[in-house]
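There are 2 protein chains.
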Amino acid sequence: MKKYVIGLDYGTDSCRALIVDAETGAEQASSVKYYPRWAKGLYCQPTANQYRQHPSDYVDCLEASVKEALSKCDPSVAEQVIGMSFDTTGSTPVFTDKKGTPLSLLPEFAENPNAMFVLWKDHTAVKEAAEVNELCAKWEIDYTAYEGGIYSSEWFWAKVLHVLRNDKKVRGAAYSIVEHCDWLPALLCGDTKPETMKRSRCAAGHKAMWLEKWGGLPSEKFLTALDPLLEGFRARLYKDTFTSDAKVGYLTPEWAKRLGLTTNVAVGVGAFDCHMGAVGAEAVPNTLVRVIGTSTCDILVSSYQEVGDKLIKGICGQVDGSVIPGYMGLEAGQSAFGDVYAWFKHVLAWPIVELVGKTKLIDDETKQKLVNEALDKIIPKLSDQAAEIDPKESSVLATDWMNGRRTPDASQLVQGSITGLTLGSTAPMIFRALVEATAFGSKAIVDRFTQEGVRIESVIGIGGISLKSPFVMQTMADVLNMPIKVARSEQACAFGAAMFAAVVAGVYDKVEDAQKTMGQGFANEYKPDPRMVAFYSEAYKKYALLGQLTEDNFFKTI
Amino acid sequence: MKKYVIGLDYGTDSCRALIVDAETGAEQASSVKYYPRWAKGLYCQPTANQYRQHPSDYVDCLEASVKEALSKCDPSVAEQVIGMSFDTTGSTPVFTDKKGTPLSLLPEFAENPNAMFVLWKDHTAVKEAAEVNELCAKWEIDYTAYEGGIYSSEWFWAKVLHVLRNDKKVRGAAYSIVEHCDWLPALLCGDTKPETMKRSRCAAGHKAMWLEKWGGLPSEKFLTALDPLLEGFRARLYKDTFTSDAKVGYLTPEWAKRLGLTTNVAVGVGAFDCHMGAVGAEAVPNTLVRVIGTSTCDILVSSYQEVGDKLIKGICGQVDGSVIPGYMGLEAGQSAFGDVYAWFKHVLAWPIVELVGKTKLIDDETKQKLVNEALDKIIPKLSDQAAEIDPKESSVLATDWMNGRRTPDASQLVQGSITGLTLGSTAPMIFRALVEATAFGSKAIVDRFTQEGVRIESVIGIGGISLKSPFVMQTMADVLNMPIKVARSEQACAFGAAMFAAVVAGVYDKVEDAQKTMGQGFANEYKPDPRMVAFYSEAYKKYALLGQLTEDNFFKTI
Chain D
1057 MKKYVIGLDY GTDSCRALIV DAETGAEQAS SVKYYPRWAK GLYCQPTANQ YRQHPSDYVD
1117 CLEASVKEAL SKCDPSVAEQ VIGMSFDTTG STPVFTDKKG TPLSLLPEFA ENPNAMFVLW
1177 KDHTAVKEAA EVNELCAKWE IDYTAYEGGI YSSEWFWAKV LHVLRNDKKV RGAAYSIVEH
1237 CDWLPALLCG DTKPETMKRS RCAAGHKAMW LEKWGGLPSE KFLTALDPLL EGFRARLYKD
1297 TFTSDAKVGY LTPEWAKRLG LTTNVAVGVG AFDCHMGAVG AEAVPNTLVR VIGTSTCDIL
1357 VSSYQEVGDK LIKGICGQVD GSVIPGYMGL EAGQSAFGDV YAWFKHVLAW PIVELVGKTK
1417 LIDDETKQKL VNEALDKIIP KLSDQAAEID PKESSVLATD WMNGRRTPDA SQLVQGSITG
1477 LTLGSTAPMI FRALVEATAF GSKAIVDRFT QEGVRIESVI GIGGISLKSP FVMQTMADVL
1537 NMPIKVARSE QACAFGAAMF AAVVAGVYDK VEDAQKTMGQ GFANEYKPDP RMVAFYSEAY
1597 KKYALLGQLT EDNFFKTI
Chain U
1057 MKKYVIGLDY GTDSCRALIV DAETGAEQAS SVKYYPRWAK GLYCQPTANQ YRQHPSDYVD
1117 CLEASVKEAL SKCDPSVAEQ VIGMSFDTTG STPVFTDKKG TPLSLLPEFA ENPNAMFVLW
1177 KDHTAVKEAA EVNELCAKWE IDYTAYEGGI YSSEWFWAKV LHVLRNDKKV RGAAYSIVEH
1237 CDWLPALLCG DTKPETMKRS RCAAGHKAMW LEKWGGLPSE KFLTALDPLL EGFRARLYKD
1297 TFTSDAKVGY LTPEWAKRLG LTTNVAVGVG AFDCHMGAVG AEAVPNTLVR VIGTSTCDIL
1357 VSSYQEVGDK LIKGICGQVD GSVIPGYMGL EAGQSAFGDV YAWFKHVLAW PIVELVGKTK
1417 LIDDETKQKL VNEALDKIIP KLSDQAAEID PKESSVLATD WMNGRRTPDA SQLVQGSITG
1477 LTLGSTAPMI FRALVEATAF GSKAIVDRFT QEGVRIESVI GIGGISLKSP FVMQTMADVL
1537 NMPIKVARSE QACAFGAAMF AAVVAGVYDK VEDAQKTMGQ GFANEYKPDP RMVAFYSEAY
1597 KKYALLGQLT EDNFFKTI
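As they're listed, the protein sequences go chains D and U. Under my numbering, the first residue of the first sequence carries the number 1057, and numbering increases by one thereafter. Under my numbering, the first residue of the second sequence carries the number 1057, and numbering increases by one thereafter.
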């Protein structure tokens, strides 16, 4: 008998099912399915920052991806699957009825976006987030303390309150609330009763202000002071939370049948994607795992001894067991990373689109080819030329706040700057400065942890940019003065879920053991170049000062 | 008998001869000739900022341009020409022998750049300029006081000292020194003797630290303290200086013949191009005349009552009679204006040149056409799209210091900045911010004059950008909250010289009278839009603060 596990990774646009041999880590098959309603833009209003997902999208893709992945394996694999775990985006909550069924699965709410999952990036609750912050500032307990000190419109209570205020029908039907990562395991195990459903420590601690020593969620008094509309929800939610090594239960016969599996499949407690991604990328204590894409999500695991009861100022949260059970999980991130480069590409693409794209000198077909060719090559060519520039020869300096700043010290008000411009400053020089700026933004995060007494000894990169851009990764290694390993697998989140599934199924005692055996290793390692380290150490001071000037003095005085 | 005059305008690359009816201002003909040796790049080292011009270039072009202009007129015109005046770039000095002949006209120095005119933009004397500033700071008289308080490497004494130190042969042969604008009139009138040559007040006052109440040029003690190599030159230069309504003399028979004119041609005292350009553009007291090209040269005429003995801080100089005799002439300017737009064009052109220009999808000839078409259209198209942007919708803000800052408060250390960048900031938004930045830079100059008690009531624009870019001119009118007239003639400098020639020839008593009759009028007038005035008044505060932050705090502390 072999032992297989399935990692299920629910991203913003799609769900991935990964089937892995739990005893070797060998990948058997994987399948990605895009959410069909979401792909059509249903239930969303981008101009209002409203992003909702229908629970049926999740269920349909679960079935389709698991079945497709199984279909790529030997037929014997299905009956040898013994574990399954989920990671999802978050905070992505939905209102449920008494049975724990998302309201939008009831016929009368089937088309109501307020009865659907409120996706992590939905920003409709800006006002409610501000109210949470205001109330926390004067409350006896600052419930935001372990979430970096600033509550976000992307998080649980802000979203919940916003929907309650704005939809009388949903308000009338809403009994409880569930996060995406908690709903799926509960659903598959046949017990979605809100009061007893096993809730993720990761989601509760990072987004719902849950803390064991506070007795769990914020007090009823606090919640009703925030708005009487919240009355009673606390008692219908949860007191205890669970780390992802805990088992929710086993597949019900009905779900086993729907997925083509057996009822021997243990299902684990879910968590957020980056947290499981960190595990999948073989995070060990004191290593910062960075999911590097359009933005970054940075996950650090640290010991209780090191963090203790200390509050790490200006990060996105610190939660006992949110990544590896038995350790503190700390979260940070940059609001824009690849997006900074994409922005500059967009600026430079202007003459290609507006002039070359509208020329009458060539036919439309050739023109389209030419435009596409040029657009595709902008970033690779900029990278090549920027890598050739001696940074000592360029005075250009930038900050990376084109999308505000997530950490350290979240602010949506800060904006990006470029200074040190002369008539000789070229596009590749500016691009180089932007790459340096994103690396400096990374250093600001690492420095904050260090200043607060939390050691970071090395960095692991996962996500598209880690594998695609050696220039960016080398610059980051030079700026951080730390080696950076790049995870080999592009499915680190799904691998992390698979590792937890292996623990839940009893193959390993601890997820650290699963990491050692199932880990996919590293594709590359960038080592800091000592000549650049000294230079960037000075340049970083300029970046910090430019940021301080454009933030503190400039935007605040005007 | 008609009365014709010739205005001769010596720019950086060419000489223009303009024949005008002195009694009506009607243009008869003009001719532009490019300096042949300069056009080949002879005697220059751009990488070392060494720019030298051979006197034969000036003489050859004088003959060619006057003759060509005359050839376009009725044959009777030549004998009815009664006046001729010159404007040139400056400070553009050359060493001469005892007769006042530029050393490079002697066979042994014919190919020696140090024996040639040191063009205004030659920056080889940076060290010497610093020494002048250092010595002035501790001297009993600050000789830089009427030149804005900072001596430049572009000016007379710095250049003279640099050449003396670096060329033993020239040092041995050098008897005196002459500015380009003084040499040509003296040459044509047959008396180039250095001690008696009539010297321009404009050149002497703005560039050689000449001031009447100081007894003329800086003292021998000062000059020899600067460097003993300067010993004796002061006595072989000049004590008195002349405004451009003064006559140098009449064409010698030899020169009359060479130019195809008569010996009845009175020749006036020369001046610098922008100063005569201001006159040609009908400058009146309290109107700022701006020559707007790659950079700006700003000329203001003000009454003695208004300026008195007051020193206007941080401008380029204030000289009695340097523009209109009987008034104070004040000079200022922006180091980069059109160059700021050209810089952004160059940045945006990168993908056109590097990607479209290297594609294999189309043949070389089409490619070249396509690239040229796109490059030509970048600024016009940016202007169109930028004009459509509601500036309240864009947070982008820039400073215009990509080439340092000329006024107010000259500094070569300041650099350009762009801030307020978000992921939604587009190329036209950035261009608009750059246009606003150049307008804000203009306002900084106007405000400085105003703060120092020198009124500016309106603005006249001359030069390419004034006529070519309504968007830029309207933005400037809105930012300055002043009407801006645009001179009709693109030959304002040559017209100014012609006006002075008419005074020298006795057609008018004063150049103001010549302006009234001979002036070409205005092509356009931009009036401030009250809705924009209020907005820009606030936006200017942000510009000023951004400048202050990036200058004072940022660059000084690093």
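Some hints could be false.
What the hints assert, rightly or not - On the chain U side, residues computed to face chain D include the following (Cβ under 10 Å):
| hint | residue |
| --- | --- |
| 1 | Leu-1098 |
| 2 | Leu-1220 |
| 3 | Lys-1303 |
| 4 | Gly-1305 |
| 5 | Thr-1308 |
| 6 | Trp-1311 |
| 7 | Ala-1392 |
| 8 | Trp-1399 |
| 9 | Met-1458 |
| 10 | Gly-1472 |
| 11 | Thr-1475 |
| 12 | Ser-1481 |
| 13 | Thr-1482 |
| 14 | Pro-1484 |
| 15 | Ile-1486 |
| 16 | Gln-1530 |
To be verified - A few chain U residues facing chain D, derived, Cβ under 7 Å:
| hint | residue |
| --- | --- |
| 17 | Lys-1425 |
| 18 | Thr-1478 |
| 19 | Leu-1479 |
| 20 | Thr-1606 |
To be verified - Pairs of lysine-lysine, DSS-like flavour, derived with a Cα cap of 27 Å:
| hint | chain 1 | residue 1 | chain 2 | residue 2 |
| --- | --- | --- | --- | --- |
| 21 | U | Lys-1194 | U | Lys-1369 |
| 22 | U | Lys-1059 | U | Lys-1369 |
| 23 | D | Lys-1416 | U | Lys-1154 |
| 24 | D | Lys-1249 | D | Lys-1194 |
| 25 | U | Lys-1425 | D | Lys-1524 |
| 26 | D | Lys-1414 | U | Lys-1369 |
| 27 | U | Lys-1313 | U | Lys-1154 |
| 28 | D | Lys-1499 | D | Lys-1414 |
| 29 | U | Lys-1277 | D | Lys-1416 |
| 30 | U | Lys-1059 | D | Lys-1433 |
| 31 | U | Lys-1369 | D | Lys-1433 |
| 32 | D | Lys-1425 | U | Lys-1401 |
| 33 | D | Lys-1414 | U | Lys-1437 |
| 34 | U | Lys-1154 | D | Lys-1437 |
| 35 | U | Lys-1313 | U | Lys-1277 |
| 36 | U | Lys-1414 | D | Lys-1416 |
These aren't lab readings, by the way, just hints derived from the structure by calculation. All of these numbers come straight from a predicted model, not from anything done at the bench. Note that CB positions come from ideal geometry on N, CA and C, so glycine has one too.
Status of each hint after checking the structure:
{"no.": "1", "hint": "Leu-1098", "in the structure": "25 Å, violated"}
{"no.": "2", "hint": "Leu-1220", "in the structure": "31 Å, violated"}
{"no.": "3", "hint": "Lys-1303", "in the structure": "42 Å, violated"}
{"no.": "4", "hint": "Gly-1305", "in the structure": "43 Å, violated"}
{"no.": "5", "hint": "Thr-1308", "in the structure": "45 Å, violated"}
{"no.": "6", "hint": "Trp-1311", "in the structure": "41 Å, violated"}
{"no.": "7", "hint": "Ala-1392", "in the structure": "7 Å, holds"}
{"no.": "8", "hint": "Trp-1399", "in the structure": "5 Å, holds"}
{"no.": "9", "hint": "Met-1458", "in the structure": "5 Å, holds"}
{"no.": "10", "hint": "Gly-1472", "in the structure": "4 Å, holds"}
{"no.": "11", "hint": "Thr-1475", "in the structure": "4 Å, holds"}
{"no.": "12", "hint": "Ser-1481", "in the structure": "7 Å, holds"}
{"no.": "13", "hint": "Thr-1482", "in the structure": "7 Å, holds"}
{"no.": "14", "hint": "Pro-1484", "in the structure": "7 Å, holds"}
{"no.": "15", "hint": "Ile-1486", "in the structure": "7 Å, holds"}
{"no.": "16", "hint": "Gln-1530", "in the structure": "22 Å, violated"}
{"no.": "17", "hint": "Lys-1425", "in the structure": "6 Å, holds"}
{"no.": "18", "hint": "Thr-1478", "in the structure": "6 Å, holds"}
{"no.": "19", "hint": "Leu-1479", "in the structure": "5 Å, holds"}
{"no.": "20", "hint": "Thr-1606", "in the structure": "6 Å, holds"}
{"no.": "21", "hint": "U:Lys-1194 - U:Lys-1369", "in the structure": "18 Å, holds"}
{"no.": "22", "hint": "U:Lys-1059 - U:Lys-1369", "in the structure": "43 Å, violated"}
{"no.": "23", "hint": "D:Lys-1416 - U:Lys-1154", "in the structure": "65 Å, violated"}
{"no.": "24", "hint": "D:Lys-1249 - D:Lys-1194", "in the structure": "35 Å, violated"}
{"no.": "25", "hint": "U:Lys-1425 - D:Lys-1524", "in the structure": "35 Å, violated"}
{"no.": "26", "hint": "D:Lys-1414 - U:Lys-1369", "in the structure": "50 Å, violated"}
{"no.": "27", "hint": "U:Lys-1313 - U:Lys-1154", "in the structure": "26 Å, holds"}
{"no.": "28", "hint": "D:Lys-1499 - D:Lys-1414", "in the structure": "43 Å, violated"}
{"no.": "29", "hint": "U:Lys-1277 - D:Lys-1416", "in the structure": "70 Å, violated"}
{"no.": "30", "hint": "U:Lys-1059 - D:Lys-1433", "in the structure": "65 Å, violated"}
{"no.": "31", "hint": "U:Lys-1369 - D:Lys-1433", "in the structure": "50 Å, violated"}
{"no.": "32", "hint": "D:Lys-1425 - U:Lys-1401", "in the structure": "24 Å, holds"}
{"no.": "33", "hint": "D:Lys-1414 - U:Lys-1437", "in the structure": "12 Å, holds"}
{"no.": "34", "hint": "U:Lys-1154 - D:Lys-1437", "in the structure": "61 Å, violated"}
{"no.": "35", "hint": "U:Lys-1313 - U:Lys-1277", "in the structure": "45 Å, violated"}
{"no.": "36", "hint": "U:Lys-1414 - D:Lys-1416", "in the structure": "19 Å, holds"}
Of the hints listed earlier, those the structure fails to meet are numbers 1, 2, 3, 4, 5, 6, 16, 22, 23, 24, 25, 26, 28, 29, 30, 31, 34 and 35, in rising order.
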